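Chains as they are written, first to last, in the numbering used here: chain A, 1 to 300; chain B, 1001 to 1300; chain C, 2001 to 2260; chain D, 3001 to 3260.
Fair warning: there could be bad hints in the mix.
Computed from the model, here is a short list of chain D residues facing chain A with C-beta under 7 Å [unchecked claim]:
| no. | residue |
| --- | --- |
| 1 | E3100 |
| 2 | Y3202 |
| 3 | V3222 |
| 4 | G3223 |
| 5 | G3227 |
Calculated from the structure, these hints are not laboratory results.
This one's a predicted model, so the numbers in the text were calculated from it and none came from an experiment.
Where is the CB? At the ideal position from N, CA and C, for every residue including glycine.
Here is what each chain is made of, one letter per residue.
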Amino acid sequence: MNTKVTIAGVEFKNPVMTASGTFGSGMEYSQFVDLNRLGAVVTKGVANVPWEGNPTPRVAETYGGMLNAIGLQNPGVDVFIQRDIPFLKQYDTKIIVNVCGKTVEDYLEVVERLGDTEVDMLEINVSCPNVKEGAIAFGQKAGCLYDITSQIKKKAKQPVIMKLSPNVTDIAEMAAAAEAAGADALSLINTITGMKIDIHKRTFALANKTGGLSGPAIKPVAVRMVYQASRAVKIPIIGMGGIADTEDAIEFMLAGATAVAVGAMNFVNPYATAEMVEGIEKYMTKYQIEDINALVGAVE
Amino acid sequence: MNTKVTIAGVEFKNPVMTASGTFGSGMEYSQFVDLNRLGAVVTKGVANVPWEGNPTPRVAETYGGMLNAIGLQNPGVDVFIQRDIPFLKQYDTKIIVNVCGKTVEDYLEVVERLGDTEVDMLEINVSCPNVKEGAIAFGQKAGCLYDITSQIKKKAKQPVIMKLSPNVTDIAEMAAAAEAAGADALSLINTITGMKIDIHKRTFALANKTGGLSGPAIKPVAVRMVYQASRAVKIPIIGMGGIADTEDAIEFMLAGATAVAVGAMNFVNPYATAEMVEGIEKYMTKYQIEDINALVGAVE
Amino acid sequence: MKKVKAKVISQAELSDDIYDMWIESDLAATAKAGQFICVYPHNESILLPRPISICEADREKNILRIVYRVVGKGTKELSYYRDGGDINILGNLGNGFPLEEVAGKHVVLMGGGIGIPPMLQLAKDLKRAGEAEEITAIAGYRNDRLFLKEDMQKYVSVHVATEDGSVGTKGNVMDAMSALGIRADVIMACGPMPMLRAIKQYAKKEGCKAYISLEERMACGVGACLGCVCKTKEKDEHSHVNNARICTDGPVFNAQDVEI
Amino acid sequence: MKKVKAKVISQAELSDDIYDMWIESDLAATAKAGQFICVYPHNESILLPRPISICEADREKNILRIVYRVVGKGTKELSYYRDGGDINILGNLGNGFPLEEVAGKHVVLMGGGIGIPPMLQLAKDLKRAGEAEEITAIAGYRNDRLFLKEDMQKYVSVHVATEDGSVGTKGNVMDAMSALGIRADVIMACGPMPMLRAIKQYAKKEGCKAYISLEERMACGVGACLGCVCKTKEKDEHSHVNNARICTDGPVFNAQDVEI
Ligand SMILES: Cc1cc2nc3c(=O)[nH]c(=O)nc-3n(C[C@H](O)[C@H](O)[C@H](O)COP(=O)(O)OP(=O)(O)OC[C@H]3O[C@@H](n4cnc5c(N)ncnc54)[C@H](O)[C@@H]3O)c2cc1C
Ligand SMILES: Cc1cc2nc3c(=O)[nH]c(=O)nc-3n(C[C@H](O)[C@H](O)[C@H](O)COP(=O)(O)OP(=O)(O)OC[C@H]3O[C@@H](n4cnc5c(N)ncnc54)[C@H](O)[C@@H]3O)c2cc1C
Ligand SMILES: Cc1cc2nc3c(=O)[nH]c(=O)nc-3n(C[C@H](O)[C@H](O)[C@H](O)COP(=O)(O)O)c2cc1C
Ligand SMILES: Cc1cc2nc3c(=O)[nH]c(=O)nc-3n(C[C@H](O)[C@H](O)[C@H](O)COP(=O)(O)O)c2cc1C
Ligand code: FES
Ligand code: FES
């Protein structure tokens, strides 16, 4: 049975990854999950300098999901290179670093700093709805997305995954723009912008007012977008958005994802990723699927 | 205590309405709810001629929500005028007719036919994601939305509510376009396009492949859009998207909605609307709110 | 028609994954054979009501029986309910089988798999009415784990078909019908779509009447959402298109009136 | 640290909306005063774990006690759990109170409202360690429905403040402290933010140490999501910005190290 998938020349032992920002750099969850079992660890967004992030409350619960407005707090790329990469290199898993910035230059700086490290791939977060400075604009206009993608591709030594925002009218158009600009792969979806109001205090539940919605509630939107994007481009897709268990992971693969990432559901079930790795093998056995790649886009 | 709200000169005894397509023309749910208690009944979409709608399965369940791809099946405006309006006129509630079409001419025909009837308001559905012919395009491009709104406004004898699609990059832009074209009010959100795949059969759960996501799962997105739209325009807003109970209704009002509509949750609790009418009064008593209009947009 | 919180009286496993539940509710007083109820899961992550046929209604004792197969989250939850527990139901929904069509006729009841349950109350009511000339039931099972057969035999004679041939005729209910040379004036049936299609075809050929109970995904259960339609031969009176709502215009249809 | 399905041993209502639950789990064996567990609701529509402080841990019997106030859907659900029922918990989380700071000191434990529970295990552990010169507890309540006071009195002397003045000093724990002329070398506290702010200020002025347990909305509970941060005076070693994670770097902080 083959569970290996390949994205832009990088081979993953299985398609199960962690979604950026929900798994730190793997340290915390390594108490629950053997990181060697995972296809890849995708890190929290890293910027050129340390970011403070947003004031609290930063998270709020919603029906079947959650809102977050962390605001990309991160220790900056220097600390990341010194501390987090060596930690992750102890494990037999791939390292995908999520990159954030406020300007194109910010992104390019991080990409260049990571060029000589043992990072396997870069995931470019142009879709975070929680940062005032508006990096999300890169991810909401096809022209901007094209520009930033091509500039990053010029500097990047590792393959580049562009992470798309679901807060757009036409995801296929965005996917095509990223591909045309040279992106090696896409990941989607990032969170959908949402809001919660406390009706007793008549205040916003999040200090940032709006936050990103994630969790099982958004899964149907994510599956639809993965499907639409996968029909619009040839490059591989990493699917995410509400994945909780094996069935969800398979659903995303059938929709067109070559790999899948678990986000908010790590918080609900810290063992989710490891269970999924096993679950996928069981599903393949049950339906006599020799090669997991046969599942990709196999919905009719 | 005043629970009356006024939208475009039409006075509603309270802000609780039904969301189009989830309440028929009131006949079925009149077994559960005294329609006299409601602010308004908003009918299923009506076209110039009868529509067959989509093949089945038309509905699927998702985490905290549901997908539908009814495809706007309706008996056409003639039957509607003969049968449904007289039925609703028996009750002391306002009648808002949801209008759908495939071309601008279709919409105009319905609007004109309804001009001499005892309908209180028109709600123009330019945002149904489930009809192939693409009426949703009217609701996804600010220019198209402006055009169709102004054409409808020229013919309409009743005040016009434009119902906005959430499947857009910038809801504030869409809201502003509708207002600029003369819309008397806005309603939002319609369903978010989603998809579900049956991993055992490897088929789409809906015959139409995609469907519209509604229910509690989408509430944070709806609240955010109501908030953003209400900050972008001066015309009143009818808020909807996952409203299940009094707390949800209040949340939408605080976000900026003058009235609220209950959709999918009618299916889960047929008494939901009536319970909400009572619940809102209790909330007002508890917090000593004299006039319900004081709640509109009162989040800080 | 109303939504009520009712009490579970008893629950038992009848066969592999097939459960038998009695519910205390005054909905029983007005229940008709062929009608169904909707069950609302307690698990709030799954919202939609689950349609389940009424298998028996004891109108004096105010108790209802449902028999269901565990196939997903909702029916799984149902199978955990214990005596005295709460169950949220909406009923009675849809139209039953047309009992007025049977006077002087040989009525054949056909139930396939989890389509058997509604046949029990139907057998009971037909027997009690005493207008049919003859009533025969044919029940189709996967294997020898028969269920509800003995219950039905209290009212009518029951023939069995099993897919694996372990009991009765090997094959489905139609196979049993021809093997036993049964000729029907009126068929009343519930079961999987291929069975219902075969019945429709047979009835057309033989010139007998067939009433079949259809299934479709439902959202409201009360006729408001238009989720559960089936194609009809003629324009439907309510919809003015060739679609009837299974929940309110059915679930029982004259087989020749619907496109299946 | 692990997530386990544990058993509820007992549940009782202590005061208005305040419940007392004992849970059987080997997490008790390693639990420290000031640590917390996360409880995952069964209701699948609410996903996030609920952080609740460890009120008592009986390390021999492997049982844990939590005392909580019903404020929303999650704690409401908790209050319905009955003896023998399942409870999903993650523990033990965070760092406890620094027991090594007390040798030869007068330690004052201050609990306000639903901040009282962690003080019980702390009182027990400080008493058992026997290193503090003196241990005094001050518990602040709304009214005369005191809870956990008698439990604490088994280990330390307890003073009471009530908002309505019905028992002890009228006012809050700080009012009681000054009214009774208590002078602390080390304060260990848990309670509402205004109380913690007052303690921080007092400690600064009086030059005593204060360790306070903070609260914030949490998503992961294990340090991965960065949801639960508080502002710190110095750059935090993990985050490299002036934010520490309450779940992993706290919940107990030296009051002078955090901006509250
Ligand atoms: C009129 C009618 C009568 C029925 N009577 C019975 C009966 O007596 N016994 C019995 O075992 N089953 C009966 N069914 C089928 C039963 O409704 C489904 O098996 C059940 O809803 C599955 O729910 P679930 O949560 O276990 O499955 P899931 O697959 O988790 O359900 C997901 C969604 O799909 C819907 N769904 C799934 N399967 C079906 C289906 N076959 N038909 C309609 N909706 C479905 C569910 O209601 C739910 O909304 C009947 C269906 C209809 C329409
Ligand atoms: C370290 C720590 C220890 C705690 N110890 C206790 C204790 O011993 N006893 C006790 O009664 N309470 C304690 N709390 C508060 C307790 O976590 C909340 O009251 C509880 O989560 C509310 O959940 P709910 O579902 O009832 O409320 P809801 O309002 O429905 O919860 C919605 C969401 O908000 C979160 N939330 C709500 N209130 C709080 C809060 N005050 N702090 C953090 N998150 C919150 C919930 O976890 C959930 O994610 C503690 C909080 C923290 C951070
Ligand atoms: C707490 C939190 C923090 C996140 N931080 C990041 C981030 O730093 N960079 C990024 O690209 N996405 C971030 N995301 C988005 C997730 O990676 C993922 O795209 C999204 O949550 C949808 O997946 P889910 O529903 O499985 O959580 C974050 C999500 C959450 C919940
Ligand atoms: C079954 C179904 C049918 C619908 N039909 C219509 C329609 O005909 N016209 C329309 O404008 N919106 C229609 N909608 C959208 C709802 O009116 C509402 O905007 C949406 O469902 C969000 O609200 P909810 O989450 O409360 O359901 C339909 C929704 C559902 C679930
Ligand atoms: S289920 Fe809604 S019309 Fe039948
Ligand atoms: S709750 Fe996630 S870091 Fe503390």
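inquiry  = Tell me the hint numbers this structure goes against, listed in increasing order.
reply    = 1, 2
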